[in-house]
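Participant: If you want the building blocks of each chain, they are given just below.
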Amino acid sequence: MAGKVKWVTDIEKSVLINNFEKRGWVQVTENEDWNFYWMSVQTIRNVFSVETGYRLSDDQIVNHFPNHYELTRKDLMVKNIKRYRKELEKEGSPLAEKDESGKYLYLDFVPVTYMLPADYNLFVEEFRKSPSSTWIMKPCGKAQGKGIFLINKLSQIKKWSRDSKTSSFMTQSTKEAYVISLYINNPLLIGGRKFDLRLYVLVSTYRPLRCYMYKLGFCRFCTVKYTPSTSELDNMFVHLTNVAIQKHGEDYNHIHGGKWTVNNLRLYLESTRGKEVTGKLFDEIHWIIVQSLKAVAPVMNNDKHCFECYGYDIIIDDKLKPWLIEVNASPSLTSSTANDRILKYNLINDTLNIAVPNGEIPDCKWNKSPPREVLGNYEILYDEELAQGDGADRELRSRPGQSLGPKGSRLRDAGRTVLTTWK
Amino acid sequence: MLQEESDLSLIIAQIVQKLKGSNLYAQLERQAWGSWEKRILKSLNSMCTELSIPLARKRPVGEQKELLNKWNEMGTDEPDLSLFRPVYAPKDFLEVLINLRNPNYENGDSLSFRTHLGLIQVPLKVKDIPELKEFFVELGLTTGQLGIDDSTQVPPELFENEHVRIGQKVLTEQDSAAAQQYIRQGSPTALRAELWALILNISSHPEDILYYEQLKTNVIQHDLLVDSLIYKDVKLTASNDDYYFVFEDYLYQVLLCFSRDTSVLSHFAYNSASPPKSYIRGKLGLEEYAVFYPPNGVIPFHGFSMYVAPLCFLYHEPSKLYQIFREMYVRFFFRLHSISSHPSGIVSLCLLFETLLQTYLPQLFYHLREIGAQPLRISFKWMVRAFSGYLATDQLLLLWDRILGYNSLEILAVLAAAVFAFRAVNLMEVTSLAAAEAVLADLSTLKVMPLLQIFLFATVT
Chain B
0 MAGKVKWVTD IEKSVLINNF EKRGWVQVTE NEDWNFYWMS VQTIRNVFSV ETGYRLSDDQ
60 IVNHFPNHYE LTRKDLMVKN IKRYRKELEK EGSPLAEKDE SGKYLYLDFV PVTYMLPADY
120 NLFVEEFRKS PSSTWIMKPC GKAQGKGIFL INKLSQIKKW SRDSKTSSFM TQSTKEAYVI
180 SLYINNPLLI GGRKFDLRLY VLVSTYRPLR CYMYKLGFCR FCTVKYTPST SELDNMFVHL
240 TNVAIQKHGE DYNHIHGGKW TVNNLRLYLE STRGKEVTGK LFDEIHWIIV QSLKAVAPVM
300 NNDKHCFECY GYDIIIDDKL KPWLIEVNAS PSLTSSTAND RILKYNLIND TLNIAVPNGE
360 IPDCKWNKSP PREVLGNYEI LYDEELAQGD GADRELRSRP GQSLGPKGSR LRDAGRTVLT
420 TWK
Chain X
0 MLQEESDLSL IIAQIVQKLK GSNLYAQLER QAWGSWEKRI LKSLNSMCTE LSIPLARKRP
60 VGEQKELLNK WNEMGTDEPD LSLFRPVYAP KDFLEVLINL RNPNYENGDS LSFRTHLGLI
120 QVPLKVKDIP ELKEFFVELG LTTGQLGIDD STQVPPELFE NEHVRIGQKV LTEQDSAAAQ
180 QYIRQGSPTA LRAELWALIL NISSHPEDIL YYEQLKTNVI QHDLLVDSLI YKDVKLTASN
240 DDYYFVFEDY LYQVLLCFSR DTSVLSHFAY NSASPPKSYI RGKLGLEEYA VFYPPNGVIP
300 FHGFSMYVAP LCFLYHEPSK LYQIFREMYV RFFFRLHSIS SHPSGIVSLC LLFETLLQTY
360 LPQLFYHLRE IGAQPLRISF KWMVRAFSGY LATDQLLLLW DRILGYNSLE ILAVLAAAVF
420 AFRAVNLMEV TSLAAAEAVL ADLSTLKVMP LLQIFLFATV T
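Residue numbers (numbering that gives the first Met the number 0), protein chains in the order written: chain B, 0 to 422; chain X, 0 to 460.
One chain only, chain X, in its complex shape (with noise of 0.2 Å):
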């Protein structure tokens, strides 16, 4: 380990000495992603020359003996960041979602296709509703769940004990697999921190420990342009929470060794995007001068931090928060910012929101397309995030057990339409976007479970 920690700070001080005085450039068209990725390459850059601040450099040593001393409390005492801004909000990635094309198919290719009246315009392939059931199966109405057969009117005797004892002797044989069975109907409070370390194979040994030191002395040494980013972000989204405010200073200790950390970097080789290559000033496309900014491939967009505040209810050892973070971050959350085909990608997601709506809902589907309200404008944030912000975070993490348990992000689609379904009598009512924005910006008292399980398994379709 002691070679891979050396490795990392090798790594990162090459970086800051190559990224000395120079831009960022990106390398020519790869598809789609290609334009996207120069756009925010052309904002770093831009911030970097109005702000006159370097995209890395070394801290100082009395610098970073300060922050050393205020590790626990960065919240504090912030620099000003009024003259940063957000590299991208979800709505501009919307854009770019919208105007995607895959050129290999025609228009006339497929005729189901050609009748979709939403904003994705790429045939790919998503579940139906039939489908939808077969994959949920055990959110169905006659299987016990956490969400629905805990409340307090029903006796804990009739599901609620037996499922905890089940819990404990998951947890007691270490059987990832069992576990990430059991939570298909929801976790117990008291067993969720331990059940999601278990599924996502987390377990704290002192190299893993030693690896998150590691990272903080990388912050502690090195200032990356990123890390302002990263404070705006918490200032402008998780301060401001009323659940999440409260560890408002662990994000920090989170997302700034998260943008240093290399490791990240693997997640790529799964993932169809690929992370922004940037080059040195007049050694494009040689790539013994190209550099991954930031050093985990990740930019961080407006409510990234988002991701992690949830997280914060359940784990408040620091590294072990980390580790969790980072495992949920290359298994499940990149693909909700970048773009591919796989059915738990962003794009498959959207189309497969918009096909239930269209295909379950249809009247409302055509009103809201008629004054101008297209659905998918509205719910995009809330995938995108993956509900964090906008769900009572009793009901974000009974969501979240789901995403563990059947290992797909699809059920964020669901929600997003069983929400829809659930307030369609007072959208079929207004006449614009904002009014519809107004029915459905308060999702804090909504019951997460109750809906899902509506929608699939008892709307007559």
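The following block holds chain B by itself, in its conformation from the complex (with noise of 0.2 Å):
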């Protein structure tokens, strides 16, 4: 008979402490023997680090991935996608086909980006191309819009070019590493207010890749109107969505927080919009969710004691294409609404019910296959092995913008044939 789960974790969130307890699991110290830490960012380096090199036993399980920055970091996530690109190129791979205009016609999602001080030439060059252009410069290990601003003037990033002109041993401390990205000054409004869309992912392992979508996303909505208008670049409160920024605006609204559901969003993109267009877009997020893990997969330690929620963040344009932004490992597990701390305490609740299963002490030898009505608000995003059972001439078919089963355009259970075609 199987002793109770032993946890530990270095995050103190009522979301998180109110699963545990509810399950009966101990609480202990990370000195103790634990069967599941939930761990900060922090922690798991140290954890995986090749000096301290803790030794996890067949019994304990972990929140991260040893190198889940190669996602989540935003320089190494673009990094993986353009290799990731360039190899399917070099394969001959249809995934990798290109437009007239040397655009990738299906692995376009992530917006034209350059590493700071290390590409400022090839930036120059490319800024120079359309110089009324507006670029944003990211600090690439900070979060919650931390260090962003906007740019639209080579001037106004002139401390990057003297760093690589004068220096001929550049010290790059993660601190100074900024990515710069073309900003999409066209984003979608609702409201006439940009938004973005946060989805979270559950992957439990990526080789074979098994990722899972939580259905309940949202939407942040920035509280002040859009404008692109240069003399508000500097505005946070009209560009940035995160909430961390937002909430110190004027107007922000302590009921709704600014946020709206995924379903919402659907529903208004479908009735001013119409369904084909809704379906497509909502396939093609779906679509640059998993080729951006597809991406990093092979780079990724797939340590076997290891699971990871992702938050996504995803901008929509006013063309109906999403972007992906960037990759969060460490999804903010604060409430800002009562609506929040429910939707988080149940993304918490499905995500132990697929990571522990049952509830017991883990074995991470187990096959990390749940049985279908564990999922609670979770669907199947993608799951590789049974992809594989499907044969190869699916992929064709399979790409975003095409037919993709009768109810395509709607991810559930009974639709799964239609995502795991994608290969």
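Please note that a few of the clues may not be correct.
[Said to hold, decoys possible] Listed below are the simulated DSBU-like cross-link pairs for lysine-lysine, each with C-alpha atoms no more than 30 Å apart in a straight line: (1) Lys224(B) x Lys234(X); (2) Lys279(B) x Lys446(X); (3) Lys246(B) x Lys234(X); (4) Lys3(B) x Lys21(B); (5) Lys64(X) x Lys224(B); (6) Lys319(X) x Lys318(B); (7) Lys319(X) x Lys279(B); (8) Lys303(B) x Lys5(B).
Bear in mind the hints are in silico, worked out from the structure with no lab data behind them.
With the hints as a guide, dock the two chains, each given alone in a separate frame, to form the complex.
Facilitator: Now the structure itself:
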């Protein structure tokens, strides 16, 4: 008879702790024998670092992959996606097909991005091609919108050029590394406001890739009307959707928190734009999430003790094209509204049900195939094993924009065959 | 159209001129409406005096320019509204309805009515369940419905695909009557905006857009006290709503124009109520000194903006949104807050609700009455708002599909009764009004079509 699961966490959030307690799990410290550790990203670095190197035993699982930063650091994510695309192109894969202007037809989902200071000169070349464009500067290792600013003149980022010209030996401390991306200055607006999408994706294994999408994602609206006007480029309330930023705005509302459910978005788009284009949009969103995971799968340390719940940030432009902005390893578990608290509580609940089957002491050797009933609000996004079982000829028919089956626009269990045909 | 436009400007300007420095006075009693009207005007007047704000005034040019610049974001930087309060709330209106008595009926007249234990004491004729089943025959168990037969478990070949195809055909042929019949089974989300426009006979001709622009100009040029009430209402209701907060600015653009739209006055021809008319001080009863205030004759109450909010999910072009709302108002919504004997009027709806409950759920009805929780006290606010703000938006739109399809608001009363039936088990256990309110506080997870279907067609009566 198995004992109770012993848990540790270094993130003091009620949505976590309430979930552990309701399962009757026992809280211990990290020095004792634990089965489940919900770690912050700093801790995971220590656990898997070469120096301290823990050896995790079979009955221990943690909530991060050792090198999750391949996906969750802005610069590495872009690097990996670029590498993935080039590999597919070399293989002659139809997924890497390009259009007349050289843009990838199916894999162009990350805005043009450069690392600074390393790619400074490449960036300048690109900038000069369209000098009226706006670019967004983001520090590689920060979160919550910290340190982000917009530029539309080279002079505004002189600092990074000086570094690359004057120093022959560049000390790249992670604090100073930035990515600069083409700013999406034509976001889809609703009620005149910019918003982005936060979607939760659970990965239980990278090889074979098995991932789940949480059905209850949400949109985060800016409190201020959007304007691309250059006079408002430094007004973060117009441009950055992070709740950490918006909640300091004058018009922030604590009841709804500026959030909409993804279902609301769907209803609005279907009603105002039509069912087909809305279905296509959501298919594309699922597609880009899966492609981003496939891009990093080869370099991920697929440690069997690990699972991870990512927060995907997606922006939709006014042509209804989705763009992957970034992936968060530690999506916020703070609740800004009552609805938020319920959502995040259920998110953790469903995540634990999949990651720790039956709430019993884990055995990391299990096959990581939970039965349908425990998925809760998750749906299978992609299951590589099942997909491979379906035959190779499906690949050509499965690209986004083509008919994906009778209810291709809806993610649901019966539609599983639709999603798993992607390879 | 140009003539009408300048007439409208003239009318508004005249109103502003007449109201300069004056208060509003109601003409004496005209049935039950009279004293209610007096109360409302008294409330407006006192707000006027206390806050030293005129009922209407012309804006100085600088202010006009500012407002024009801010037209798309009136939600930000709003005036200080702390001293304003809604003129009335649904519960105030309910008290008026409860005290209605029809002098033509003696207590002894209608035997069956004597046993009516609800709050409404006016013996209007309402349908019973057999009649409702006939009236709402397309909602029956053997007919496909959107809201039931389009759920993910049901293969679309069984109903949904064909229904969508028929909807597209109806739209291509621009057949308004067919659309109204079709929509009884619900509208596909992608077709709803067009179908509603077809049924309401709204098409955006240049003159319609011009008319809206003219109203907008009126808003820019003149400030009405009622505007502050509208602001306050939006800030209290829609701005805090999970679904509608996004559309806050559209609501101002619609409602401020609406209050100046004198063409809305024409609906009073078939509304047995009449708009609050007021007279300049000292000229009581003299028609040439009579003024409708506000110009459209409709005084917004707490929650009024929720009539507009759901429409923002369908229309994002301001003049179209405006036209659709105006038509919905003069066809349906006005009945929810004026006193009449019309079967879709709020009085009849209340009586229908109470009768359904008392007849088909007597145990529940008596129990709630015993503990001082008259069911109408809870359901009234749902019906007055046509459930806006209480149901999830997709469900609300399915409900409003049927209002349009059947050209009747009776479905609101039926749904209210169905909700009570659905939560009957929990309600039987409560022992206070507050506890009953709590059981019925959250309707956001309800699926309206199954509830209606079960209540009408699958309950043993």
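Participant: Taken at face value, is the distance from the CA of Lys446(X) to the CA of Lys279(B) at most 30 Å?
Facilitator: This hinted pair holds, its Cα atoms lying about 27 Å apart.
Participant: Please verify whether Lys224(B) and Lys234(X) have alpha carbons no more than 30 Å apart.
Facilitator: holds, 17 Å
Participant: Does Lys319(X) pair with Lys279(B) here, judged by a C-alpha cut-off of 30 Å?
Facilitator: Holds, because 27 Å separates the two Cα atoms, which is no more than 30 Å.
Participant: Verify the proposed pairing of Lys319(X) with Lys318(B), using a straight-line Cα cut of 30 Å.
Facilitator: Holds, at roughly 23 Å.
Participant: Is it true that the CA of Lys246(B) sits at most 30 Å from the CA of Lys234(X)?
Facilitator: holds, 18 Å
Participant: Is the straight-line distance between the alpha-carbon of Lys3(B) and that of Lys21(B) 30 Å or less?
Facilitator: holds, 12 Å
Participant: For the pair supplied as a hint, Lys303(B) and Lys5(B), is the alpha-carbon distance within the 30 Å limit?
Facilitator: holds, 19 Å
Participant: Assess, step by step, whether the Cα of Lys64(X) is no farther than 30 Å from the Cα of Lys224(B), and give holds or violated.
Facilitator: holds, 19 Å
In this structure, every one of the numbered hints holds.
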